[in-house]
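Trainee: Residue numbers (the working numbering), protein chains in the order written: chain A, 13 to 883; chain B, 109 to 394; chain C, 7 to 341.
It should be emphasised that the hints constitute simulated quantities derived from the structure, not laboratory data. Just so you know, not all the hints are guaranteed correct.
Derived list of chain C stretches under chain B, where covered just means 3 residues or more per stretch with a C-beta under 8 Å from a C-beta of chain B [what the hints assert, rightly or not]:
1. 32–45
2. 65–79
3. 148–161
Here are some of the chain B residues that sit facing chain A, going by a computed Cβ distance under 8 Å [what the hints assert, rightly or not]:
4. Lys150
5. Ala151
6. Glu199
7. Met206
8. Tyr278
9. Arg280
10. Pro294
With a Cα cut of at most 20 Å, we get these calculated EDC-like pairs of lysine to aspartate or glutamate [claimed, not checked]:
11. A:Lys818 / B:Asp165
12. A:Lys818 / B:Glu168
13. B:Lys266 / C:Glu132
14. C:Lys103 / B:Asp268
15. A:Lys457 / B:Asp165
16. C:Lys103 / B:Asp245
17. C:Lys35 / B:Glu168
Think of the CB as a built atom: it goes at the ideal place given N, C-alpha and C, for glycine as much as any other residue.
This is what each chain is made of:
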Amino acid sequence: MANADCILIQGSNMAECHPVGFQWVMEAKLRGAKVIHVDPRFTRTSAVADLHVPVRAGSDIAFLGGLINYVLQGGHEFHEYVVAYTNASVIIEGDFQDTEDLDGLFSGYDPETKTYDPASWQYEGRAAPAAAGQREHGAARGEQHGSGGAGIGDDGEVHTDPSLQHPKCVWQILKRHFARYTPEMVEETCGISPAQFREVAEALVSNSNPERTSAIVYSVGWTHHTVGVQYIRTASILQLLLGNIGRPGGGIMALRGHASIQGSTDIPTLYDLLPGYLPMPHGGLDTDLATYLDNNGTDAGFWAHMDAYTVSLLKAWWGDAATAANDYGFEWLPKITGDHSTYQSVLGMISGDVKGYFVVGENPASGTANGRLQRAGLANLEWLVVRDFTDIETSAFWYDSPEIESGELKPEDIGTEVFWMPAAAHTEKDGSFTNTQRLLQWHHKAVEPEGDTRSDLWFYFHLGRIIKERLAAGTDDRDEPIRHLTWDYPTIGAHGDPSAEAVLAEINGWTLGDDPDPTHTDHKPVSGYTALKADGSTASGCWIYAGVYADGVNQAARRRPGSEQTWVAPDWGWAWPLNRRMLYNRASARPDGTPWSERKKYVWWDEEAGKWTGHDVPDFKATMRPDHRPGPDDEAEDKLRGDAPFVMQADGLGWLFAPNGLTDGPLPAHYEPHESPVPNPFYSQQSNPTRQVFDLQLNRSNPPVNDGYPYVFTTYRLTEHHTAGAMSRNLAYLSELQPEFFCEVSPELAAERHLTHGDWATIITARSAIEARVMITDRVRPLRLGERTVHQIGLPYHWGWRGLSKGDSANDLMVGVLDSNVHIPEAKVASCDIRPGRRPRGPELRRMVDDHYQASISAPARPDAPQGQVR
Amino acid sequence: MTIIDRSSTGTDVTLAGVGTPAYDREQRVGFFTDTSVCIGCKACEVACKEWNDVPADGLEFLGRSYDNTGRLSADTWRHVAFVEQPVATPETQAVSGMRWLMSSDVCKHCTSAACLEVCPTGALFRTEFETVVVQQDICNGCGYCVSACPFGVIDQRKGDGRVWKCTLCYDRLRGGQTPACAQACPTQSIQFGPLEQLRERAATRVDALHQQGVADARLYGEDPADGVGGFGAFFLLLDRPEVYGLPPDPVSTTRDLPGMWRMAGAAALGMLGLAAGSLLEGGRRA
Amino acid sequence: MPRAERRMVPDVTPMSYYGQPVLKAPTWKWPIAGYLFTGGLAAGTSLVGASARIRRDRRLASAASAATLCALGASSAFLIEDLGRPSRFHHMLRVVKVTSPMSVGTWIFSLFSALAGASAAAEVGERAGVPERVARPAAAVAQVGSALVAPALATYTAVLVSDTAVPAWHDARRQLPWLFAGSATASGGAMGVVLSAALAPCGGGAFAAGPRRMAVAGALVEVGADEAMHRRLRSINTGDVAKPSVDSAYATGQPRRLARAARACTVGGAAAVALAGRRDRPRTRLIAGAGALSVLSGAALQRFAIFHAGRASAADPVYTVGPQRLRLVPPAGQP
């Protein structure tokens, strides 16, 4: 990022939430980059940006779509890049219909199931991949393509028009689709003036060419929406059009919310993924290993080696018990049958289907959208295990919660057996962090954990060990996965911690050869994922991490100072895959393999040596010539052209138009948030038609465009606290810096609602009402949307009712309504009302919330309310 | 002794690269706090408290933007100020936007340090790094330094009685390390190093900002000819010092001390004369 | 609505950061103001005692010696009480620092106390059987010695408070030594009057002519220096409308009340002392004694007024920032 010439930060408050990484933005600025912050509030990021553009929360696609339209209409695209490296020229099926044709819907929508059939979105000449469209709605599978792209169907020639003139080619579809996204529509939707819009557009365009690059930064301000995935898609389209992907100082930086949350998706804690973004097998579809590979793999690009990655994973888990004869234990893998995401699990708790719950490093009672729904689930469990530093809101919910306070629940009526396990901090254990740039950095234990506190590794290792011991003598078939599991990590230290390095070595993987020795002492670590085999001769716990323990050395623990190496700093830590610091870096060179410019030189083709070379590890088959054209006998990566840089995609191209992989459309379209006081200015379709809504009393929605909930609010973090506060609200040094929950409002809204600076205000939604200290500030401004004025309220979501610094939880206001691709709740925007003073205590609180809701829904509908639309 | 810090990136122009330069025991070291790159993260406040074991000083919501610490005190040795300002376009004077100033304040470690000079016990002393430090085993809490400091930095700790302030991490300096706040600062807003180098760097930086059109940028406390002989910890500010709670033209009170002694001597002689004249007139009693 | 009328994250006024003081409030509490008075009183009284010794008025000399010791005792108590760590009082004696008026003062105070104590000890010794030829000269030398140190004790405290960043103290640095000297002189004289009034009449001549002259002369100097101080403080502009000069620190609240009361007591008392009958009569003694008590009260109130005005000037950033800003940039200039 330090190499960027322009940085657009949107959906992220990087300076506040990622202050350490923000040093690179400051460095880019020092080198002359223009920094733009688009955000509902003027934040600490805005304070050091060159330009702050206030935007209405939930309207980002309209803004980004406007930028795309500006690029397309003005001919500002990086033309050579777009033609060569994206699917702009690909011709799409004749029966594809756009939102332009269907007033906000794409072709293939089924109003009954509220899902899309992507058959009409396909490349002309290619049928949809076998698995696409077959999933139940609940198992909509966007995340599984995290590493490999979605398939593009069976073999067959892809029709293209390099002149980009064909009316059904992606380029022309794109132009028509975004033609509506004019500066005037941006103003009406986002509250951004045409002048400010042009300033941003011109900055991006003038800094995106062979000599210059622009970067985009986002965080959960983009993901936590019912159209979150499409936000990122819009940015991807923009960056592909500007030629900013795979080039130094370009890209889209997705900032993760916690230390190593990237690691927890790589080695996933997500229900639908196996390590390395291998999809979790589906009970009904993936009946055996071959079918699973056929359903989920591609035949071109590096994703074509999915068999090697999967078999190596199975070998890592079940060792000698995994053989070709038993499909390497594929049947022992758990299978999913539908949507088992967080909210489905919570609904399962409420219905009694889910009996037990492990909560680790989470605080759902105050940290998840609609905390009241979460707590209702917790109260209906048989058992709950919470591992954390202190007795947090989630473990204490049965005796200390808003429902206990209001008298709705009594401790004696809650049957949940709660096990609270004290957890060790990162300074008390060895391990690695994987940061947002896929960089693994090892940390060493500084002190032994005190008292009963233990590392997560210790906890799960010994839990597994004890379960294995209990089941060792059993004969039940269902226990086979556990009986055969390799579980032999050496333990060290006073507490018998399993060696974290041994775990890392297993994740890296090794060649098994013919050596039957079960102690694995002479297994040779693999050097990278290209060494993995599908014949059972290699094991690897996570194929993308293969190489982190190359040569038996913990590569993540490398700390050679930057001053002693190149500016890419390959000897600091280790980045997956294969210590590559930038993905798709083949795009930093022209199709012929020469750098686009001397200034932005990164990797290039060395004709003499006959291989790719440069500052980084090339993200390309090292010896594939730029002029390589696949022949009929070529397989996997050889099946891609030598000028197709996106090697995890089945066609090696950047997808401006996504024929597969998305559940809510091949192109992004602006939909209003689920709860919005504004009718959709673009289409009569108000909100994302595929969003997941759970209609139950505990999760009821504010009606859209309703005077009972006239204001927009958004939630966010402050530098001084960490997420739901379990790690910060118990620390005096942090709590004193932001001691109380507050709401940020504009002077105009304060005048309208008689709010007083420093006093209290009550914020009301259909879920709950909470109180906060009032912060009246110019940093929040009312937005003019044409004739309409929209007021926004800012609520930091760190607080809960325990710890040194206490306050109501902003998440209690939120509704659990999800994006259909990845089941992320819309936690960044909703509607509300605000009034001066503190909220009622006891039963009065529920009464007020209910009365407000009833009055709102029974009031006459506003003339501009979306007509008769539930969805 | 030369200590080289391990943090730098090796690129040509870097924030990190201007990190900890080498320094030795004979050099005066200090801070250059460049508020133009401060992001108000308060890592300096927390790192300082962690390293120096400074007590927490209360959970009070002040409503002064994001500042809930208030000011430097015996229990806050780094304090980040937050100032929200409307910004007017120069031509029309109409409010066109706003800016949010943030600045991490600290003890200035004055060349002419009034606190040190007035200390009657010798508890305050100048170290080999020419920083000003309180020896806690000596201080008897007379409070003189508190009133002498023109910046309101040093203060008495409630319940303890002694005075406390930034030590510029004297213990870390002796160990060849960077002070905790500078180490923790993610944007190099707090730069540590030999004072001479910092002054040169600051001059370059303020010139660069002026060229970029940031006319408000100015250095504060870098001038050895000022009222306290220059600060050991000086600043680049984007507005007048008083906006950040800093005195615009601080003068060490002891600069006037010789004159005060002379005047007191004259008054004392006058008193003696007055008394003698009054009392001894009429000679000895019979 | 104009911004100033709204309550919100406040605009930081040009003078300060959210109206906060730049300076820390002095940690010194009322005992220090008390010491400013008792120190001056001890000094002044010792001068009365020494002159009595020289004039061979042993009764007054002894009484003054005892009064000096009492004032010193109170002073020590005040000084130690005000320390954050009273048990470390002796740390004051670790160093001698001319840059620290408190260090210099400590040594002055110690020397003075030693001499005053020695004088008193000699007198006690005489009664306890120490030969008169040893005891009396010793008492006399010590008492005269302490009187020679006394003016330093009375005036160093002016330097002590002036040598701070507190505007109302530092800006009065040229007047305060005179004010303190005058006040101490007045106090000493007044104490002499009170002591003389308490002692049995010794017949002949005017009543306590010397102490009365001293009290009146001291009060005149005190009032004159006070006027000069206020004139000086009024000349230091802040640029603020409501508080135009540093002298505005005396314009309201406690400092104002104390200063007014001090002036009334001092002027009224001194007049009474001056005008009381020249003959030594009981009524004269009563009036002169009451006037002397009034002078003493005036001196005490004066010290408290200065003390509180200093605190007020430190608590308001206008007094710190205003004069500095004007010094830096003349009013018409740009910042």
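Trainee: Taking the hints in turn, state whether each one holds.
Mentor: Right, here's what the structure says about each hint:
no.: 1; hint: 32–45; verdict: holds (count 3)
no.: 2; hint: 65–79; verdict: violated (count 0)
no.: 3; hint: 148–161; verdict: holds (count 7)
no.: 4; hint: Lys150; verdict: holds, 5 Å
no.: 5; hint: Ala151; verdict: holds, 7 Å
no.: 6; hint: Glu199; verdict: violated, 15 Å
no.: 7; hint: Met206; verdict: holds, 5 Å
no.: 8; hint: Tyr278; verdict: violated, 21 Å
no.: 9; hint: Arg280; verdict: violated, 17 Å
no.: 10; hint: Pro294; verdict: holds, 5 Å
no.: 11; hint: A:Lys818 / B:Asp165; verdict: holds, 17 Å
no.: 12; hint: A:Lys818 / B:Glu168; verdict: holds, 12 Å
no.: 13; hint: B:Lys266 / C:Glu132; verdict: violated, 48 Å
no.: 14; hint: C:Lys103 / B:Asp268; verdict: violated, 25 Å
no.: 15; hint: A:Lys457 / B:Asp165; verdict: violated, 31 Å
no.: 16; hint: C:Lys103 / B:Asp245; verdict: holds, 19 Å
no.: 17; hint: C:Lys35 / B:Glu168; verdict: violated, 26 Å
Violated hints, listed in ascending order, are 2, 6, 8, 9, 13, 14, 15 and 17; each of the other numbered hints is respected by the structure.
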